[in-house]
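Each residue of the sequence shown is one higher than the last, beginning at 1 in our numbering.
Note that these hints are calculated values from the structure, not bench results.
Note that the structure is a prediction, hence the values are computed from the model and not measured.
Errors might be hidden in some of the hints.
As the list claims (entries may be wrong) - Derived lysine-lysine pairs resembling DSBU-like cross-links, with alpha carbons at most 35 Å apart:
(1) K128 x K244
(2) K115 x K128
(3) K244 x K227
(4) K80 x K115
(5) K244 x K350
(6) K382 x K343
(7) K314 x K80
(8) K247 x K133
(9) K128 x K247
(10) K41 x K80
(11) K80 x K382
(12) K142 x K157
(13) K343 x K314
(14) K142 x K110
(15) K244 x K142
(16) K133 x K110
(17) K343 x K22
(18) K142 x K115
(19) K382 x K246
(20) K350 x K227
(21) K110 x K382
(22) K80 x K128
(23) K343 x K244
(24) K154 x K227
(25) K133 x K14
(26) K416 x K41
(27) K142 x K246
(28) K244 x K133
(29) K154 x K110
(30) K343 x K80
(31) K41 x K22
(32) K2 x K142
(33) K133 x K314
(34) K314 x K391
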Amino acid sequence: MKILLQKATLIDPKHAFHYTTKDILIINGIITAIEDEIIDKTAEIVTYPNLHISRGWFDSSVCFGEPGYEERETLENGLKTAGLSGFTQIAVNPNTNPITDNQSAVCYLKNAGNKTATQIYPIASFSKNQEGKLLTELYDLKQNGAVAFGDYKKAIKNAELLKIALQYAQRFDGLLISHPTDTSIGSQGGVHEGDVSTRNGLSGTPTLSEILQIQRDLAVLEYSGGKLHIPFLSSAAAVELIRKAKKQGLQISCSVALANLVFTEEELSDFNTHFKLDPPLRTDADRTALRQGVIDGTIDMVTSNHEPLNVELKHLEFEYAATGTIGIEAMFGVLCTLFPLEKVIAILTKGKTRFGIENQTIEVGQEANLSLFNPAGNGSLKEGQILSSSKNCAFLNSPTQGTVYGVINNSQTTLK
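Start from the sequences and build out the full structure, keeping to the hints where you can.
Set out below in structure tokens:
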């Protein structure tokens, strides 16, 4: 494979060629030259209007249906969609059938991305069958490719089990994930307990549910040591808890779902099930605090929280509809409406190191791990543009900025 990127503007504040337009030659997956102009008639020419490139993007929470729920999304189409959305590396959740709680299940997911431009990094279950009772074989799962351990969208209820796991995982630098929801508080119905839930007669999930779980998890982390990741912060109070924990020196990281940066509980005024989400959309003040948390670095990463669901699960009365939205196709365009370009690229790249994934640089001699895009131009996401098999998208008609052209990674390409 020989590829010549022509007139590509590099976006990397740490790079000598930051915001400089260069030609880049890639041979057999390795960057072999970065020059003002390269002429190679044997190379495949890749050029696009206003082409920009950066280090490859990472999403820390992606769901595919396969294995077990292929009607929601297959690995083949999901990986293609992720690549065309600019992502070279994705962490895939264990909510499959069978659950990813054993070595063969981890290897199955890992191998699915071995020959594609988007690589899969499996998140294995924290407990067997995600029941919260017995730990999975954490060490063996990591040796086979798992980058973290968590029961998908389930808090670790048993504090003793969390303590033991945090202590044990320190031996191999393991990362544990605990969903920030105390299910003993509120209804867990995909709605914030507040003005909209009261007005619409819906049972909601209070911010207190998030606060109590994070406080408990941070207390156990402080006692045990180790590394903990809290996904999907949704409230101002949660951001402040994480901010204080980081100042204490705890090994804590966190993410926020894209939807919680964009929308508020008001989207649910007309019972639109596209906005029935976990975590729920909360108040405007919460949204503002989440955005500030991203800006100041308290929040380590933004995730699409990509969760394909077939139409039978979403087109129901609100009470019975499932929670979840797809979002990976909206990530770049929507983030560009919220933050400056350099911040967007930082958001999309820095989180991978927390999961033990190398953040490869754009240098001669390095493997090409590149996202290709145009940061200019305004638009919106239309249903006919969606590549995902499932169309449960909260971001339909949301304003976007820029265009993604695809990725070059793993000696493969996924390009428009």
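Hints, one by one, checked against the model:
1. Under the criterion of a C-alpha separation no larger than 35 Å, the hint pairing K128 with K244 is consistent with the structure, at around 32 Å.
2. Between the alpha carbons of K115 and K128 the distance comes to roughly 29 Å, so the proposed pair stays at or under 35 Å and holds.
3. A threshold of 35 Å between alpha carbons decides the hint, and for K244 with K227 the separation of about 16 Å falls inside it, so the pair holds.
4. Of the supplied pair hints, the one linking K80 and K115 holds, its CA atoms being roughly 12 Å apart against a limit of 35 Å.
5. Of the pairs offered as hints, the one joining K244 and K350 holds, with about 21 Å between alpha carbons and a cut-off of 35 Å not exceeded.
6. Note on K382 and K343: the hinted pairing holds, with a Cα-Cα distance of about 25 Å set against a maximum of 35 Å.
7. Pair hint K314 plus K80 holds up; C-alpha atoms about 24 Å apart against a cutoff of 35 Å.
8. Between K247 and K133 the alpha-carbon distance is near 32 Å, which keeps this suggested pair within the 35 Å criterion.
9. Between K128 and K247 the CA atoms are separated by roughly 34 Å; this keeps the pair inside 35 Å, and the hint holds.
10. Proximity of K41 to K80 is assessed by CA-CA distance (about 29 Å); at most 35 Å being required, the pair is judged to hold.
11. Pair hint K80 plus K382 holds up; C-alpha atoms about 18 Å apart against a cutoff of 35 Å.
12. The suggested pairing of K142 with K157 holds, with an alpha-carbon distance near 23 Å, which does not exceed 35 Å.
13. Under the criterion of a C-alpha separation no larger than 35 Å, the hint pairing K343 with K314 is consistent with the structure, at around 33 Å.
14. This hinted pair checks out: K142 and K110 have alpha carbons roughly 12 Å apart, not beyond 35 Å.
15. Restraint check: the Cα-Cα separation between K244 and K142 comes to about 30 Å, which is no more than 35 Å; the hinted pair holds.
16. Pair hint K133 plus K110 holds up; C-alpha atoms about 26 Å apart against a cutoff of 35 Å.
17. For the suggested pair K343 and K22, the alpha carbons sit about 22 Å apart, so the restraint of at most 35 Å is met.
18. This hinted pair checks out: K142 and K115 have alpha carbons roughly 21 Å apart, not beyond 35 Å.
19. Only pairs whose Cα atoms come within 35 Å are accepted, and K382 paired with K246 is rejected, the gap being roughly 39 Å.
20. For the given pair, K350 sits about 17 Å from K227 by alpha-carbon distance, which is consistent with the 35 Å threshold.
21. Our distance criterion of 35 Å between C-alpha atoms is met by K110 and K382, whose separation comes to about 32 Å.
22. Distance hint between K80 and K128 is fulfilled; the C-alpha atoms sit about 30 Å from each other, no more than 35 Å.
23. With a C-alpha separation of about 23 Å, the suggested pairing of K343 with K244 holds against the 35 Å cut-off.
24. A distance of roughly 18 Å separates the Cα atoms of K154 and K227; the hinted pair therefore holds under the 35 Å criterion.
25. Distance check on the hinted pair: K133 and K14 sit about 45 Å apart at the alpha-carbon level, beyond 35 Å; violated.
26. Restraint check for K416 and K41: satisfied, since their Cα atoms lie roughly 22 Å apart, inside the 35 Å limit.
27. About 26 Å separates the Cα atoms of K142 and K246, which keeps this hinted pair within 35 Å; it holds.
28. Pair hint K244 plus K133 holds up; C-alpha atoms about 30 Å apart against a cutoff of 35 Å.
29. Distance check on the hinted pair: K154 and K110 sit about 23 Å apart at the alpha-carbon level, within 35 Å; holds.
30. Taken as a hint, the K343 and K80 pair is honoured in the structure, with Cα atoms around 25 Å apart against an allowance of 35 Å.
31. Using a Cα cut-off of 35 Å, the hinted pair K41 and K22 holds, with the two alpha carbons roughly 17 Å apart.
32. For the proposed pair K2 and K142, the alpha carbon gap of about 34 Å is at most 35 Å, so the pair holds.
33. Restraint check for K133 and K314: the C-alpha separation of about 31 Å stays at or below 35 Å, so the hint holds.
34. Annotation: proposed proximity of K314 to K391 holds, straight-line Cα distance about 10 Å (limit 35 Å).
The structure fails hints 19, 25 (numbered hints given earlier, in ascending order).
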